[in-house]
Amino acid sequence: MLDQIEEMICFAAIIEKGSITNAATILKRSKAHISRKLNDLEARYKVKLFHRTTRKMNLTDAGKQLKHPALELYSRHLKLDHLAQQVQSNLTGDFAISVNDSIASFALKPIIPKLFNQFPDINFNINITNEPIDLIKENIDLTIRSGQVVDENLVVKKMGPMVEKLYMSTKNRALSKNIKNIADLQNHVLVVNPYTFKQGKIQLYNGHENIILNPKKLNIINRYKLILDTVLNSNHIGALLDFTTKKALDDGDIVNILPEWQLNEWPLYLVHPFYAPMPMKLKKISEFILENMQFSYKN
1 MLDQIEEMIC
11 FAAIIEKGSI
21 TNAATILKRS
31 KAHISRKLND
41 LEARYKVKLF
51 HRTTRKMNLT
61 DAGKQLKHPA
71 LELYSRHLKL
81 DHLAQQVQSN
91 LTGDFAISVN
101 DSIASFALKP
111 IIPKLFNQFP
121 DINFNINITN
131 EPIDLIKENI
141 DLTIRSGQVV
151 DENLVVKKMG
161 PMVEKLYMST
171 KNRALSKNIK
181 NIADLQNHVL
191 VVNPYTFKQG
201 KIQLYNGHEN
211 IILNPKKLNI
221 INRYKLILDT
231 VLNSNHIGAL
241 LDFTTKKALD
251 DGDIVNILPE
261 WQLNEWPLYL
271 VHPFYAPMPM
281 KLKKISEFIL
291 ENMQFSYKN
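Read in the working numbering, the sequence shown has 33 at position 33, and its numbers run on one by one without any break.
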């Protein structure tokens, strides 16, 4: 039933605006989405609703029969949207954020007090999990995740890359100064995240150059915070994401080994469900996080 209503609204928007492109703009959806909904509606009734040319879209007889009920539905949709905008303009109520452990500990933690102060009338529910979640099913308003996101029901905004490099405690400055090239790493214990060793090897990159590293011993820990703690309290070298190292670098507790080399790099995105119109609460909180949360740290 809901699919049929959306199909009719898309059909009416095409009539009202004269093209799929213009309908996509007014409904704030992609052209592919509008085109697919039109095709679904035609398949549902087993008729063609438009005669399509490169310049115009003219209604068929079947399209003319559906025109008026579709436009009435579209008009009600616009009125409800206007009402929703008025309701959504209030920066109050609940707001759920889901992030993984590393992002929560290193990137979100420093801005939480400011976030709460900026939106005093919003009740935040911050859920920390490393498991993939369905935002819509779990009623999550916003998440920050790495890797590609392919879902037309979600809006994806790039926050920047996460770059993984090698670090060592400054307590071992004499040791770190002796590491001047890749070969010098071979006799050290390396501590990495499972994702770093996902392909069964450790690779270092410097532009187009890449080298496979074979340390004398490899320890794997699936939490960057524990890797950092291990680096701070041992002679081991740790593979850490740049945003997890900011405080330790600022405090002079760790040093970046061979800074021209890196291990992995992952894209990072702010993701939220699609809404038309976008609720003011979601808009403002998204903007705040994009402006205040740091992921790329120059060291």
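Calculated from the structure, these hints are not laboratory results. Keep in mind the model is a prediction, meaning the values are calculated, not measured. Just so you know, not all the hints are guaranteed correct.
[Said to hold, decoys possible] Straight-line alpha carbon distances no greater than 25 Å define the calculated PhoX-like cross-link-like pairs of lysine-lysine that follow:
#1 K177 - K281
#2 K137 - K114
#3 K157 - K246
#4 K46 - K157
#5 K158 - K31
#6 K137 - K158
#7 K247 - K109
[As the list claims (entries may be wrong)] Label-pair ranges, simulated between beta-carbon atoms:
#8 I112 - K67: 17 to 23 Å
#9 N292 - F197: 46 to 52 Å
#10 S35 - N292: 50 to 56 Å
#11 N187 - S35: 56 to 62 Å
#12 D184 - D229: 20 to 26 Å
#13 P110 - S19: 29 to 35 Å
#14 G93 - N181: 15 to 21 Å
#15 R44 - D229: 27 to 33 Å
#16 A276 - V150: 16 to 22 Å
#17 F197 - D250: 24 to 30 Å
#18 D253 - S35: 54 to 60 Å
#19 Q203 - N22: 44 to 50 Å
Note that the Cβ used here is the ideal one computed from N, Cα and C, for glycine as well.
Status of each hint after checking the structure:
no. : hint                    : result
1   : K177 - K281             : violated (50 Å)
2   : K137 - K114             : violated (29 Å)
3   : K157 - K246             : holds (23 Å)
4   : K46 - K157              : violated (38 Å)
5   : K158 - K31              : holds (21 Å)
6   : K137 - K158             : holds (23 Å)
7   : K247 - K109             : holds (12 Å)
8   : I112 - K67: 17 to 23 Å  : violated (52 Å)
9   : N292 - F197: 46 to 52 Å : violated (33 Å)
10  : S35 - N292: 50 to 56 Å  : violated (38 Å)
11  : N187 - S35: 56 to 62 Å  : holds (60 Å)
12  : D184 - D229: 20 to 26 Å : holds (24 Å)
13  : P110 - S19: 29 to 35 Å  : violated (47 Å)
14  : G93 - N181: 15 to 21 Å  : violated (56 Å)
15  : R44 - D229: 27 to 33 Å  : violated (58 Å)
16  : A276 - V150: 16 to 22 Å : holds (20 Å)
17  : F197 - D250: 24 to 30 Å : holds (29 Å)
18  : D253 - S35: 54 to 60 Å  : holds (55 Å)
19  : Q203 - N22: 44 to 50 Å  : holds (48 Å)
Checked against the numbered hints above, the structure breaks hints 1, 2, 4, 8, 9, 10, 13, 14 and 15 and satisfies the rest.
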